[in-house]
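Chemist: If you want the building blocks of each chain, they are given just below.
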Amino acid sequence: SQQGEEDPQALSIQEGENATMNCSYKTSINNLQWYRQNSGRGLVHLILIRSNEREKHSGRLRVTLDTSKKSSSLLITASRAADTASYFCATDEIGNGNKLVFGAGTILRVKS
Amino acid sequence: KAGVTQTPRYLIKTRGQQVTLSCSPISGHRSVSWYQQTPGQGLQFLFEYFSETQRNKGNFPGRFSGRQFSNSRSEMNVSTLELGDSALYLCASSRVLDREAFFGQGTRLTVV
Numbered sequence: 669s670q671q672g673e674e675d676p677q678a679l680s681i682q683e684g685e686n687a688t689m690n691c692s693y694k695t696s697i698n699n700l701q702w703y704r705q706n707s708g709r710g711l712v713h714l715i716l717i718r719s720n721e722r723e724k725h726s727g728r729l730r731v732t733l734d735t736s737k738k739s740s741s742l743l744i745t746a747s748r749a750a751d752t753a754s755y756f757c758a759t760d761e762i763g764n765g766n767k768l769v770f771g772a773g774t775i776l777r778v779k780s
Numbered sequence: 006k007a008g009v010t011q012t013p014r015y016l017i018k019t020r021g022q023q024v025t026l027s028c029s030p031i032s033g034h035r036s037v038s039w040y041q042q043t044p045g046q047g048l049q050f051l052f053e054y055f056s057e058t059q060r061n062k063g064n065f066p067g068r069f070s071g072r073q074f075s076n077s078r079s080e081m082n083v084s085t086l087e088l089g090d091s092a093l094y095l096c097a098s099s100r101v102l103d104r105e106a107f108f109g110q111g112t113r114l115t116v117v
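Those sequence lines, one after another, are chains D and Z.
Its first residue numbered 669, the first sequence is counted upward by one per residue in our numbering.
Its first residue numbered 6, the second sequence is counted upward by one per residue in our numbering.
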């Protein structure tokens with residue numbers, strides 16, 4: 669079963685615009701990870717944010733985490749056509765070993 | 006540093022047959038997890054192995070099994086294949102402490 673929801677389910681933007689995706693979850697977590705997937709291929713790890721962190725940056729990516737609201741957001745700035753992919757959040761729940769619980773994903777399309 | 010390697014990349018099997026998928030984790034990673042991805046159910050956790058021991062198991066029938074070898078390589082086996090087992094099977098490896106999980110390209114299994 670999937671822990672939470674991602675919002676929106678699909679997003680279409682123009683190249684150069686920013687894209688924001690949101691993720692909600694239900695339980696206490698050790699960390700939350702964001703992944704990208706191109707056309708049913710493997711998952712590419714983007715960023716991990718720990719439960720005691722509020723914001724993290726990596727290149728054009730900015731991730732925030734609000735544990736009180738059990739939500740996270742992924743911002744991709746100055747998007748490129750190559751960013752077109754599905755994006756998933758995954759939570760590492762406390763006491764659950766290395767099991768990741770994935771959201772349903774957001775399909776991002778960047779038009780050039 | 007080599008990434009997670011999954012073999013084979015594609016498989017076509019007939020209902021009732023069994024299949025074995027292989028995963029070689031990133032060097033130094035001792036935890037290996039398996040996930041099933043389908044359009045209907047999304048990404049679902051199958052099981053996790055650490056030091057040759059299964060630490061966690063998802064809600065899948067006993068037809069799904071796995072093991073891990075002393076070199077951390079892992080295999081998963083699905084017996085008595087059903088049409089609904091058609092999916093992308095993903096393997097992830099991680100160290101113990103920071104828990105970033107890195108995925109392979111997956112094995113696309115089609116059951117006919």
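In short, the hints are calculated from the structure, not lab data.
Note that the structure is predicted; figures quoted are calculated from it, not measured.
No residue lacks a Cβ here, since even glycine has one placed at the ideal position from N, Cα and C.
Hints may be right or wrong, so weigh each one.
[Said to hold, decoys possible] Label-pair distances were calculated between CB atoms; the ranges are: (1) D/K779 to Z/T58: 24 to 34 Å; (2) D/R748 to Z/P66: 34 to 44 Å; (3) D/L729 to Z/K62: 30 to 40 Å; (4) D/I762 to Z/Q46: 34 to 44 Å.
Chemist: Are the hints correct? Go through all of them and say.
Modeler: Against the structure, the hints:
Between D/K779 and Z/T58 the CB atoms are about 48 Å apart, so this pair departs from the stated range of 24 to 34 Å. Remark: the range hint 34 to 44 Å for D/R748 to Z/P66 is upheld by a beta-carbon distance near 43 Å. Checked against the hint of 30 to 40 Å, the pair D/L729 and Z/K62 passes, with Cβ atoms roughly 33 Å apart. For the pair D/I762 and Z/Q46, the beta carbons lie near 24 Å from each other, so the given range of 34 to 44 Å is not met.
In terms of the numbered hints stated before, the structure departs from hints 1 and 4, listed from lowest to highest.
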